[in-house]
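Engineer: Single-letter residue listing:
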Amino acid sequence: MRRRKERQPYRLRETGLAYLMLLPAMVVFGVFVFYPFAKNFQLPFFSQPPKFGAISRPARYVGWKQWSDVLQSNDFRNTLLVTLKFTLITVPVGIALGLLLAVAAHQKLRGITVFRTIFSSTVATSIAVASVIFFSLTNPIVGFWQLRIGHGGITESPTWALPAICVVTVWQSLGLSFIVMSAGLQSIPDDLLEAARVDGAGAFSVFRNVTFPLLTPTLFFAFVVGSISSFQAFAQVDLLTQGGPLDHTRTLAYSIYKTSIEAGGPSDENKAAVFAIGLFVVVLILTVLQLRLERRVNYAR
Amino acid sequence: MRADRRWSLVARYALLVLLAALVLFPIYITVVNSLLTPARMGNRPPALAPSNPQWHNYSAAWSDGHLGRYLANSFIVSISITVGQVITAILAAYAFAFLRFPLRGLLFVVFLATLMIPGEVTFFTNVDTIRSLGWYDSYAALIVPFLATGFGAFLLRQSFLTVPPDLRDAAALDGYGHWRFMAKVVVPLARPAIGAMSLFAFLGAWNQYLWPLVATKDERLRTVQIGLKSLATSQVDKIPVTYAGTVLAFVPIAILLLLFSKQLVRGLMAGAVKG
Numbered sequence: 001m002r003r004r005k006e007r008q009p010y011r012l013r014e015t016g017l018a019y020l021m022l023l024p025a026m027v028v029f030g031v032f033v034f035y036p037f038a039k040n041f042q043l044p045f046f047s048q049p050p051k052f053g054a055i056s057r058p059a060r061y062v063g064w065k066q067w068s069d070v071l072q073s074n075d076f077r078n079t080l081l082v083t084l085k086f087t088l089i090t091v092p093v094g095i096a097l098g099l100l101l102a103v104a105a106h107q108k109l110r111g112i113t114v115f116r117t118i119f120s121s122t123v124a125t126s127i128a129v130a131s132v133i134f135f136s137l138t139n140p141i142v143g144f145w146q147l148r149i150g151h152g153g154i155t156e157s158p159t160w161a162l163p164a165i166c167v168v169t170v171w172q173s174l175g176l177s178f179i180v181m182s183a184g185l186q187s188i189p190d191d192l193l194e195a196a197r198v199d200g201a202g203a204f205s206v207f208r209n210v211t212f213p214l215l216t217p218t219l220f221f222a223f224v225v226g227s228i229s230s231f232q233a234f235a236q237v238d239l240l241t242q243g244g245p246l247d248h249t250r251t252l253a254y255s256i257y258k259t260s261i262e263a264g265g266p267s268d269e270n271k272a273a274v275f276a277i278g279l280f281v282v283v284l285i286l287t288v289l290q291l292r293l294e295r296r297v298n299y300a301r
Numbered sequence: 001m002r003a004d005r006r007w008s009l010v011a012r013y014a015l016l017v018l019l020a021a022l023v024l025f026p027i028y029i030t031v032v033n034s035l036l037t038p039a040r041m042g043n044r045p046p047a048l049a050p051s052n053p054q055w056h057n058y059s060a061a062w063s064d065g066h067l068g069r070y071l072a073n074s075f076i077v078s079i080s081i082t083v084g085q086v087i088t089a090i091l092a093a094y095a096f097a098f099l100r101f102p103l104r105g106l107l108f109v110v111f112l113a114t115l116m117i118p119g120e121v122t123f124f125t126n127v128d129t130i131r132s133l134g135w136y137d138s139y140a141a142l143i144v145p146f147l148a149t150g151f152g153a154f155l156l157r158q159s160f161l162t163v164p165p166d167l168r169d170a171a172a173l174d175g176y177g178h179w180r181f182m183a184k185v186v187v188p189l190a191r192p193a194i195g196a197m198s199l200f201a202f203l204g205a206w207n208q209y210l211w212p213l214v215a216t217k218d219e220r221l222r223t224v225q226i227g228l229k230s231l232a233t234s235q236v237d238k239i240p241v242t243y244a245g246t247v248l249a250f251v252p253i254a255i256l257l258l259l260f261s262k263q264l265v266r267g268l269m270a271g272a273v274k275g
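In order, the protein sequences belong to chains B and Y. Numbering (the numbering used here) for the first sequence: 1 to 301. Numbering (the numbering used here) for the second sequence: 1 to 275.
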């Protein structure tokens, strides 16, 4: 238990105890994270012939062909495009609205905690709850708004289905965005803002020249976390549009689901693995980007 | 000057009230609609308050809509996952913070690496694994894959590292072994971090959608998120019941978050501040 200098030999008992303590987590990670992850890199090299009743035939080695087939397919291109659009709408809008609420609530007023609670309230909803609320409110026959486009509801319109999914997502993540932006604002020292005001800067000028620059790390964080969760968007698509109409809302996560285990349909895990690796690469790039930017932001200080 | 200030105060409150109304509007209308009759719903203009509250919509959602069952399942699964994650994370974080052993740095990176592999990348192979274990359509399928967490281990290690070295030396002098030191000193000191981690574990488990959808098909094992799907796709004449079900699915978490808002913010910020 005493502090030791490095380079001392490891103690057998201590090492044993450490591995024992790590074992439960390692077993779970090994079986349910690393094994399926690694398998994704093997699956695309094989092709599974369609099943006939209960008889399943062995997988056939197809080499790199399946990789290139999937990567060049319209399906893959479309799903990437849809997910990108979805991300580029929901993330900036979510951050902007969260910041708006945070700025509005960042003042010393009586009863401000009530407003803070209300602004963060959507964290208590899940994306499924938000989707069902939206679905019911815009129902073309009995909904509150009865949005009707063509013959059906908003989620059946090729033009409006994706914006609808975006609205649900932004509203549901508003509480989270508000909390993150508020914490960012609170981390800015009051005397800095005070000094700027004493120098005669107006409210807008203080925000633009002092608050906003100091908020950059928070904005980066929100951007990366938001993008990662956008790329994983699934429940709202499954509940509201099932990827339709005409694949206009077929996000990456939904594509993986459809391709791998669509109930009653053809399931092709070998193909789905390529999509899954695509999703992983996006998450990897975003994470590395965040680590890089974080370092730069810290050096700049 | 004084009147000026008063007007600015009024303007500020007006803005706050307006924003609050916009944020809450969907939830408010959901509550209103959960108390209407099916016939009233389609009528124009839409109801802004229930004139004749239909409380039986809630009992219909609870029993006919199986919300009671779904909520119970969600609680069973989420509490099991939370307890499991807290235990495995305390153990792992203790090893990383207080023990010296070969490959410690590498293994810590392995733990962190799990954060970069989302469930959307691994679920279909995991369904095969669950099937071959004979766990398909069981609580084990919903719980076991989530009993460890890289985020929790990371968060607790950060907190354990702040335990003053003097305390460790004092505990050693008192003849405390590692297990007693962990239970009597480290865990009590790290209670705030453990609280934040538990809340996150619970929320994460409660809000899961994809995994419960693919790992079960038995209605009796459905969690509330998936249960909402069956409720929402039921008949139009049951729409008030769907609204009531949505409120029932939302309220437990709203209460939980009101009670633990401090832990929520702390946990979020632990993610934002690099370690």
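There may be inaccurate statements among the hints.
Stated by the list, open to error - Only pairs whose alpha carbons sit at most 27 Å apart, straight line, appear in this in silico BS3-like list of lysine-lysine: (1) Lys-39(B) to Lys-229(Y); (2) Lys-184(Y) to Lys-238(Y); (3) Lys-217(Y) to Lys-238(Y); (4) Lys-229(Y) to Lys-85(B); (5) Lys-108(B) to Lys-229(Y); (6) Lys-85(B) to Lys-108(B); (7) Lys-217(Y) to Lys-229(Y).
As the list claims (entries may be wrong) - Which chain Y residues stay away from chain B? Per the calculated CB distances, all over 10 Å, these: (8) Thr-129; (9) Val-187; (10) Leu-189; (11) Ser-198.
Hint data in this document are derived by calculation from the structure and do not stem from the laboratory. Note that beta-carbon positions come from the ideal geometry of N, C-alpha and C, so glycine has one too.
Engineer: Is the straight-line distance between the alpha-carbon of Lys-217(Y) and that of Lys-229(Y) 27 Å or less?
Structural biologist: Status holds; Cα separation ~13 Å.
Engineer: Take a quick look at whether Lys-85(B) and Lys-108(B) sit within 27 Å of each other, Cα to Cα.
Structural biologist: violated, 38 Å
Engineer: Would the non-interface assignment of Leu-189(Y) survive a Cβ cutoff of 10 Å against chain B?
Structural biologist: Answer for Leu-189(Y): holds, closest chain B Cβ roughly 15 Å.
Engineer: For Val-187(Y), which was marked as not at the interface, is the minimum beta-carbon distance to chain B over 10 Å?
Structural biologist: holds, 13 Å
Engineer: Under the criterion that the straight-line Cα-Cα distance not exceed 27 Å, is the pair Lys-108(B), Lys-229(Y) satisfied?
Structural biologist: violated, 42 Å
Engineer: Please confirm whether Thr-129(Y) is truly not at the interface, meaning its C-beta sits more than 10 Å away from all C-beta atoms of chain B.
Structural biologist: Not fine: 7 Å to the nearest Cβ puts Thr-129(Y) too close to chain B.
Engineer: Can you confirm whether the C-alpha distance between Lys-39(B) and Lys-229(Y) stays at or below 27 Å?
Structural biologist: Outside the cut-off at roughly 31 Å; violated.
Engineer: Hint check: Lys-229(Y) vs Lys-85(B), CA-CA at most 27 Å. Holds or violated?
Structural biologist: Holds, because 26 Å separates the two Cα atoms, which is no more than 27 Å.
Engineer: Keeping to a limit of 27 Å between CA atoms, is the pair of Lys-184(Y) and Lys-238(Y) held or broken?
Structural biologist: Not OK: Lys-184(Y) and Lys-238(Y) at ~54 Å, beyond 27 Å, violated.
Engineer: Classify the label on Ser-198(Y) as holds or violated, using whether its beta-carbon is more than 10 Å from each beta-carbon of chain B.
Structural biologist: holds, 16 Å
Engineer: Are Lys-217(Y) and Lys-238(Y) close enough, with their CA atoms no more than 27 Å apart?
Structural biologist: Holds: Lys-217(Y) and Lys-238(Y) sit about 23 Å apart, inside 27 Å.
Of the numbered hints stated above, those contradicted by the structure are hints 1, 2, 5, 6, 8, listed in ascending order.
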